[in-house]
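Could you put the whole structure together from the sequences, leaning on the hints where they help?
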Amino acid sequence: MSEEKKNAKTVLRELQDRIAQDAWDAKKRGEKVGWCASNFPQEITTAMGISVVYPENMGAAVGAKGGGQRMCEHAEGLGYSADLCSYARINLAYTDLKECPELEIPFPDFLLCCNNICNCMIKWYENLALELDIPLILIDIPHLEEESCDADRVKYIRAQFDDCIARLEAITGKKMDYDRLREVMAISQRSSRAWLRAVGTMANVPSPFSGFDIFNNMAVACVGRGTVEAAEAFELLADEYEALAREGRSSFKGEEKYRILFEGIACWANLRTTYKALQSRGINLTATVYGPAFSFLYQNLDELMAAYALVPNCNCFERELELRVRDGLQNKVDGAVFHMNRSCKKWSGNLYEMERQFREKTGVPTVIFDGDQSDPRCFSEAQYETRIEALTEIMEAGKGAGRNG
Amino acid sequence: MADILTMGMDVGSTTSKCLILRGGKDIAASALIPAGTGTSGPRRALEEALEKAGLKREDMVCVTATGYGRATFPGADYTVSELSCHALGAHALDGEAKTVIDIGGQDAKALCLGPEGKLLRFLMNDKCAAGTGRFLEVMARVLEKDVSDLAEMDALAAGMTPISSTCTVFAESEVISQLAKGADLCDLVKGIHRSVAVRTASLMHRLGVEAPVAMTGGVARNAGVVRALEKELGTPIRVSPLAQLAGALGAAIYGWRKQGERE
Numbered sequence: 001m002s003e004e005k006k007n008a009k010t011v012l013r014e015l016q017d018r019i020a021q022d023a024w025d026a027k028k029r030g031e032k033v034g035w036c037a038s039n040f041p042q043e044i045t046t047a048m049g050i051s052v053v054y055p056e057n058m059g060a061a062v063g064a065k066g067g068g069q070r071m072c073e074h075a076e077g078l079g080y081s082a083d084l085c086s087y088a089r090i091n092l093a094y095t096d097l098k099e100c101p102e103l104e105i106p107f108p109d110f111l112l113c114c115n116n117i118c119n120c121m122i123k124w125y126e127n128l129a130l131e132l133d134i135p136l137i138l139i140d141i142p143h144l145e146e147e148s149c150d151a152d153r154v155k156y157i158r159a160q161f162d163d164c165i166a167r168l169e170a171i172t173g174k175k176m177d178y179d180r181l182r183e184v185m186a187i188s189q190r191s192s193r194a195w196l197r198a199v200g201t202m203a204n205v206p207s208p209f210s211g212f213d214i215f216n217n218m219a220v221a222c223v224g225r226g227t228v229e230a231a232e233a234f235e236l237l238a239d240e241y242e243a244l245a246r247e248g249r250s251s252f253k254g255e256e257k258y259r260i261l262f263e264g265i266a267c268w269a270n271l272r273t274t275y276k277a278l279q280s281r282g283i284n285l286t287a288t289v290y291g292p293a294f295s296f297l298y299q300n301l302d303e304l305m306a307a308y309a310l311v312p313n314c315n316c317f318e319r320e321l322e323l324r325v326r327d328g329l330q331n332k333v334d335g336a337v338f339h340m341n342r343s344c345k346k347w348s349g350n351l352y353e354m355e356r357q358f359r360e361k362t363g364v365p366t367v368i369f370d371g372d373q374s375d376p377r378c379f380s381e382a383q384y385e386t387r388i389e390a391l392t393e394i395m396e397a398g399k400g401a402g403r404n405g
Numbered sequence: 001m002a003d004i005l006t007m008g009m010d011v012g013s014t015t016s017k018c019l020i021l022r023g024g025k026d027i028a029a030s031a032l033i034p035a036g037t038g039t040s041g042p043r044r045a046l047e048e049a050l051e052k053a054g055l056k057r058e059d060m061v062c063v064t065a066t067g068y069g070r071a072t073f074p075g076a077d078y079t080v081s082e083l084s085c086h087a088l089g090a091h092a093l094d095g096e097a098k099t100v101i102d103i104g105g106q107d108a109k110a111l112c113l114g115p116e117g118k119l120l121r122f123l124m125n126d127k128c129a130a131g132t133g134r135f136l137e138v139m140a141r142v143l144e145k146d147v148s149d150l151a152e153m154d155a156l157a158a159g160m161t162p163i164s165s166t167c168t169v170f171a172e173s174e175v176i177s178q179l180a181k182g183a184d185l186c187d188l189v190k191g192i193h194r195s196v197a198v199r200t201a202s203l204m205h206r207l208g209v210e211a212p213v214a215m216t217g218g219v220a221r222n223a224g225v226v227r228a229l230e231k232e233l234g235t236p237i238r239v240s241p242l243a244q245l246a247g248a249l250g251a252a253i254y255g256w257r258k259q260g261e262r263e
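Residue numbers (the working numbering), protein chains in the order written: chain A, 1 to 405; chain B, 1 to 263.
Treat the hints loosely; a few may be bogus.
When the alpha-carbon atoms are kept at most 20 Å apart in a straight line, the in silico EDC-like pairs for lysine to aspartate or glutamate are as follows [to be verified]:
hint	chain 1	residue 1	chain 2	residue 2
1	B	Lys127	B	Glu172
2	B	Lys127	A	Asp83
3	B	Lys118	A	Glu360
4	B	Lys127	A	Glu381
5	B	Lys231	B	Glu261
6	B	Lys127	A	Glu353
7	A	Lys28	A	Glu99
8	B	Lys145	B	Glu116
9	A	Lys174	A	Asp163
10	A	Lys361	B	Glu210
11	A	Lys5	A	Asp239
12	B	Lys98	A	Glu360
13	A	Lys346	B	Asp126
14	B	Lys118	A	Glu99
15	A	Lys6	A	Glu232
16	B	Lys25	B	Glu172
17	A	Lys9	A	Glu232
18	A	Lys346	A	Glu322
19	B	Lys52	B	Asp26
20	B	Lys258	A	Glu396
21	B	Lys127	A	Glu229
22	A	Lys399	B	Glu210
23	A	Lys345	B	Asp126
24	A	Lys276	A	Glu353
25	A	Lys399	B	Glu261
Here are a few chain A residues that sit away from chain B, every Cβ distance over 12 Å (derived from the structure) [said to hold, decoys possible]:
hint	residue
26	Leu132
27	Pro312
28	Ile388
Bear in mind the hints are in silico, worked out from the structure with no lab data behind them.
Just so you know, even glycine gets a beta-carbon here, dropped at the ideal spot from N, CA and C.
Below, the structure is given as structure tokens:
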């Protein structure tokens, strides 16, 4: 059977669609399906052959397709505060409405929560468990204050990991095959290494691709990295980027005049506006925490536990800062754009200090703008434009004096 | 270059400022109309400045638009952000200024200047209108005063009635409730000014305050706010009589420099 070779973008999009369809098919077959937090150890469900879907991804997609405000307003009408995360509000509105024209996901039989991405998420999932009267499995990963994840923490997380498997076996009737788990771990490593290889090409000048593409590709990195198809797709992506880099070419539209770090979740509801303001000025995104965020590197089960404690949102400020400074310097940024994401308490809480220290340590100009991941009411196009324009003027003026850093 | 005329047009959210510059240095004429983008203000400011100078638009070598409505101002040769223009303008008004506070109709900016008025870094207020000119307008309306009366009232205050809300709407309610309690109007004005100063000072501290500090924008005309800010920052603030025209001046200088690069 011969088939024209597809590019990585197409393969990733089709894979994302297939993973979503798999969940619907599993539901139709009468299998138990879960809702899952984005940083939950996917190795468990992938190895057990359990379908899960990701409300955070749904929140992003609904935001991008223009349904964010309507869903958020519905949730607020139910009594949820407008200060809550818009992913949570969209999902809670969907739970109430049972429909959403922009995107629907199968309703869950159980919930998998992991607070290494956000502690507010626990309350969101507890509420879902109550509303839907279904079991909630929480893997609690303590916030890391140290440079590494110590043995006690590994033991604590491992105990929950084992408990989660036992509970999932009881809920779904599927057994964990530990040989299969090791296989999934190996595949996940392959995916993570390929993902890092792909995003690592951003260090080239010009970067071989438009950095906003990461916001699209990371969906599969989040939901499917334990599958061979995902590993192959990311290897294809990395190969494509490396080929472009070798030829000095880029898929970024126009000349890459400036390179920036974009801090925070994308404004899905205003993705085009936020992108165009940058792209039209020749500004390419070449650094984002999403580069390293979905790479979980480990050699064995204990290291897997540690890897899930070392994800960006679970770390102390100093590590988070170091990650961004290193990423920014490696990828030769001329400036940085910080998204004050009103939804995300974890991300916006230390944003002013993150911006100040990043600016001082890298020497590049920075700008902060107000917005939200999926609630368009928090974003002002005119304010964003002014800030980006001024940042561009500073970067332009700085070019004469050579790159900062 | 010595005699060429460049025009700077600062189309703000509440006022329109036009300034004609001769040779990148001498102000030939200026005009300020209290109506901003989307109104007849920009056109009237342009016409008034030209009339004062006895010139025609064709006499301008270039027109540079800045401010909130810069993109919609017709016929501009250049559009530049108000951040860069205020930096240039503030430097032209006070060559020693290292840090600039600009409070306009709907935003507050803290600018750090390098040599020749080069903008090194900046911070702006978030989406909220608290601490901006609009905030003061709303408060003046509640007090049944004109915004231009506030500075004098502040100077007459014997004490201060603190306003703690940072939200414009909540602060308005707080002022109303203080009025109902019989608070002294001048003390209230002083409290309002302090709330603006505290909010602006936090922006300044995040940026890093390096003296000398200058202030531009419409709110710089309010000596009460300036005094309150000096107290919060612990440093004197320099205010030029042309502070409100700094953006338009910077735009005209920008145009002049661009002409220099071309020649």
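Note to self: Check the hint pairing A/Lys276 with A/Glu353 against an upper bound of 20 Å on the C-alpha distance.
What the structure shows: Not satisfied, since the Cα-Cα distance of roughly 27 Å exceeds 20 Å.
Next item on the list: Verify the proposed pairing of B/Lys127 with A/Asp83, using a straight-line Cα cut of 20 Å.
Entry: Roughly 15 Å separates the two Cα atoms, so the pair holds.
Notebook entry, point to check: Holds or violated: are the alpha carbons of A/Lys6 and A/Glu232 at most 20 Å from each other?
Noted result: Distance ~12 Å between A/Lys6 and A/Glu232 Cα, so the pair holds.
Checklist line | Proposed proximity, A/Glu99 with A/Lys28 (alpha carbon, max 20 Å) | finding: holds, 17 Å
Note to self: Against the 20 Å threshold, does the CA-CA distance of B/Lys231 and B/Glu261 hold or violate the hint?
What the structure shows: Distance of about 42 Å is beyond 20 Å: violated.
Margin query: Holds or violated: A/Lys174 and A/Asp163, Cα atoms, limit 20 Å.
Written below: holds, 14 Å
Checklist line | Holds or violated: B/Lys145 to B/Glu116, with C-alpha atoms at most 20 Å apart | finding: Violated - the C-alpha atoms of B/Glu116 and B/Lys145 are around 40 Å apart, more than 20 Å.
Next item on the list: May I ask you to check that A/Ile388 keeps its beta-carbon over 12 Å from the closest beta-carbon of chain B?
Entry: The assertion about A/Ile388 is violated, with a minimum of 9 Å to chain B.
Checklist line | Pair hint B/Lys118 and A/Glu99, alpha-carbon separation not exceeding 20 Å | finding: violated, 54 Å
Item checked: Straight-line alpha-carbon gap B/Lys98 to A/Glu360, limit 20 Å -> Measuring from Cα to Cα gives roughly 17 Å; hence the hint holds.
Margin query: Does A/Leu132 clear chain B by more than 12 Å, comparing its Cβ with all Cβ atoms of that chain?
Written below: Check passes; 35 Å lies beyond 12 Å.
Next item on the list: Please work out if A/Lys345 and B/Asp126 have their alpha carbons no farther apart than 20 Å.
Entry: holds, 16 Å
Comparing the model with each numbered hint stated earlier shows that hints 5, 8, 14, 16, 21, 22, 24 and 28 do not hold.
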